[in-house]
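> Given next are the chains, with one letter for each unit.
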Amino acid sequence: MIQYIIRRVAYAIPLLLAVNILTFILFFVVNSPDDMARMQLGQKHVTEQAINNWKHQHGYDLPLLWNAEKSGLEKLRQTIFYQKSIGLFLFDFGISDSGRNIGHDISERMWPSLALALPSLIVGLLVNITVALMMVLFRNSYLEFGTIVLCVILMSISSLFYIIGGQFVFGKLLKLVPISGYDSGLSAIKFLLLPIIISVISGLGSGARWYRTLFLEEVEKDYVRTARAKGLSEVQVLFRHVLRNAMIPILTGVVVVLPLLFMGSLIMESFFSIPGLGSYTIDAINRQDFAIVRSMVFLGSVLYILGLLMTDISYTLVDPRVRLS
Amino acid sequence: MTHQMMSSFLSVKMRIQAWFFYSILFFLTGCEMAPLNNPYREVPPGVSVLYSSFAERPKHLDPAKAYSSNEYTFIAQIYEPPLQYHYLKRPYQLIPLTATEMPTVTYYNQQGQVIDGKDAGQVAYSDYLIRIKPGIQFQPHPAFSRDEQGRFLYHHLNAEQLDATDALDDFEQRGSRELVAEDYVYQIKRLAYPKIQSPIAGVMRNYIAGFAAFANAMKDQPITTLKAMPLEGVKATGRYQYRIRIKGKYPQFKFWLAMPFFAPMPWEADAFYAQPGLIDKNITLDWYPVGTGPYYLTENNPNRRMVLTKNPHFHDEFYPRTGEAGDKQNGLLADAGKKLPFIDRVVYVLEKENIPYWNKFLQGYYDASGIASDSFDQAVQFTGAGDARLTPMMREKGIQLQTAVTTSVFYLGFNMLDKVVGGYSEQKQKLRQAISIALNYEEYIAIFMNGRGMPAQGVLPPGIYGYQDGRAGIDPFVYDWVAGKPKRKSIAVAKRLMAEAGYPNGIDPATGEALTLYFDTASASVDERSRMNWFRKQFARLGIKLIIRATDYNRFQQKMRQGSGQLFTWGWNADYPDPENFFFLLYGPNSKVKNGGENAVNYENPEYDRLFEIMRNMDNGPERLAIIQQMQHILRRDAPWVFGVNPKSFSLFHSWYKNIKPNLMANNRLKYTRIEPDLRTQKRYQWNQPVFWPLLLIAAVLAIAVYPAVRAYRRRLQETII
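First to last, the protein sequences are chains A and B.
All residue numbers for the first sequence refer to our numbering, where the first residue is 1 and numbers rise by one.
All residue numbers for the second sequence refer to our numbering, where the first residue is 1 and numbers rise by one.
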């Protein structure tokens, strides 16, 4: 397995390089260093000298990809691309164009994102599985039908509606939780309750239906019939046998998103004023802060690759028949 | 069990049940309990805290760089320039802040002789002599901390100290020192220092003597050498006195002296923040200011909240004893003579979305609020006379409304270099005048701004010297004065002007088809579509076909710089209350295409330029006013802008918010604000009692829904085949 992991990590390097080049090209097709300088320097009294000065200070006065004026390796090294990219592979994100340390910002902002995303994932998973098992348990009853209808309704509603509706009902009408905000430590709980509930409810429709499908597929299998024939109750059959065997697709689906939980949720964090990473990239795009954009795209790619790798590994853990080679 | 015992037992049981029932009912409905939705931590009694919000994190808190209103919200409370605007008096009046009196200005001719300065052409230099108050102290800051031998504790941080530091709070010792004139001189050097990139460096190099030479000399020097390097035109002439030498006469310079750009900066701050390692922890002067103002920044998490705390070293400053007529009746002098500031702490919370922000304001968790378009009808209604007043719901809560016409103008510009809409011939003037009439900005304000604005009659917004009200102040090319108010000329007049301009019924004789004009905009969002359609319709009234060229902000800026745009909308907020700050937007040498200036329409009229050069150096008076009216007339006739809107700001304040008076020039208003925390606590309790019964109802409905199925399942389990 070690060899497999090493090979996958080696494959990731050209992939990350390609993502980095693509981000670089796409960004500079839309924004020139002059545009970036103007954005940073503001609207009033911006002179050409100030722009040139800003570019020089931030290393944007070099050619983009190829420095014809230099010789040898310097042709490549004395470029914006090289200067801005090399640190990324060492996870040194450097200083943003607005003067803040990106690594420090990320490390500060990922915890609130995680505080929201992790409980949402765990509680959501538990609720989805429970509801799906209930549907299977009460299959062919009005309860199953009603729950399916409810799931379809839940799936059809926009997540923004859940947020605004949740804030209106629980924050404004019932006044049970703060409408928005955040605090450190355990005081964060009262701010996270509502967004977590909303995350769970908004994901319930699709999640429960998906897991129901998985469980129904298992429920028809021979080993389940055998379990029933042994005299086990339906609850025992579902929780001891069906759930365990349906865990493979559930687990792999969950593991792949685990690393990306750090990246946060844009809308949720924005509406609930949670100081996470959700809006970090989009704010940077709006501010034309290339240093942050490239760092976040790079980090996103790394985490995605990590998620895929973890998924592969998790296969071997939950299903002994699978071997990585 | 006897019957008596039985009945006694039942009676006790019933009483317990009743007590339990009423307890639950009381708990669920009626009991007075602390609000559960309070987003803040408890505040110790007697501490006055103001709660506010910000939608976007400020880019800079360094007074040499900051230039936006969202940055001034913070730094204007922290840094103190020598002058400030009187909080209550109107028209806006400059008064000393850290200065002992207004600057003494001395004019010199080329020979270095003192002259009276009335003839601006004779003035070679103006010297501004500023004396500051002794005894003013800087806020507590580690940059000032010294050991017993007088050496700075934190100016040479070692690796161990850096490792132990994550935020400014991690420095145990915090010192201070007295403010001296050299701190003001140092800050002006910082404005010139190229690596700081001050946005006003380009402007100041034209005025402050030796500024450009200093900038060139310091180009490759580290910031730590700034203190020792002399700047020719700026010099401390004593411990509490400094002199700024201005090239020629520039009366507007005094307004700059009320802006944070000219606030003092201790050299120790740069020496402290310049240390490698601190920037990696985001500890920079741009994020942790060092000032003498009424507040200092004690928490700076721009992604969550920023907290200003009362500066324990703040010098004596008192609430004004005089204002303008009506201020006393409005309770604005109730705190006259009291020591400032009144509030102990100000908490700014990042609130990006309008809906939660508005709801939290209604719950009493923000003390003041603007009004977003979505909430406007909920908050404000217009009377038959067109006056804005609060809705009954707002009045019931005791909320106060404050409105003010801002010192801003939003206009539609014609690129004067364009072959179709530009140019200075009578025909071109008439084409632009016709469009000015056709664009019904009264309708625009009603549809898109909830009535929050007034149609602009010229370049100057209300509140700026030279603005005229009433009949004398209307644009006679677009309005008539009818029944005591301005009335937009009819579309028939506009059509006649179109015909005289060579486009009868909007037909371009060159093509025989409708005249086609191009509107460049950086707003490509869906929300903007209705606005663009409105513009299309207005032009269509003249038979003109308007094509919208929506693009991104960068391309739009590029078009403006290259002069390839035709029509566009733009705006300007006053830096200071002087007409020069608006008229310069149309001064020929400021042409955007030719010189990269702020004259976005590239208007060049020699007569206007001549008058501008005279007007800008004059002191206010009848002569200056007459020139201003002449300039307004030229602009109204040439119509390089369709004078669009002077927006009105609408703000809401809770009943516990005191000393509210709009002051569009002063950014340091916070120190005058007072709140009544006890009233706020009482109202918050009243407005935020939790409601529990719907939760029980939901639980009951779920239980009722599930119960039959559970029963059926159990029955199924107990069923036998035979």
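None of these hints come from the bench; they were simulated from the model.
All figures in this text were calculated on a predicted structure; none of them were measured in a lab.
Incorrect hints may have been included.
What the hints assert, rightly or not - Partial list, computed: chain B residues near chain A (C-beta under 10 Å): (1) R305; (2) G596; (3) A712.
All C-beta atoms in this analysis are idealised placements derived from N, C-alpha and C, irrespective of residue type, glycine included.
> Could you run down the list of hints and mark each one as holding or not?
Hint by hint, here is what the structure shows:
The restraint placing R305(B) at the interface with chain A holds, with a minimum CB-CB distance near 8 Å, inside the 10 Å limit. At its closest, the beta carbon of G596(B) sits 6 Å from a beta carbon of chain A; the interface hint therefore holds under the 10 Å criterion. About 7 Å separates the beta-carbon of A712(B) from the nearest beta-carbon of chain A, less than 10 Å, and the hint is met.
Consistency with the previously given hints is maintained throughout, with no hint failing.
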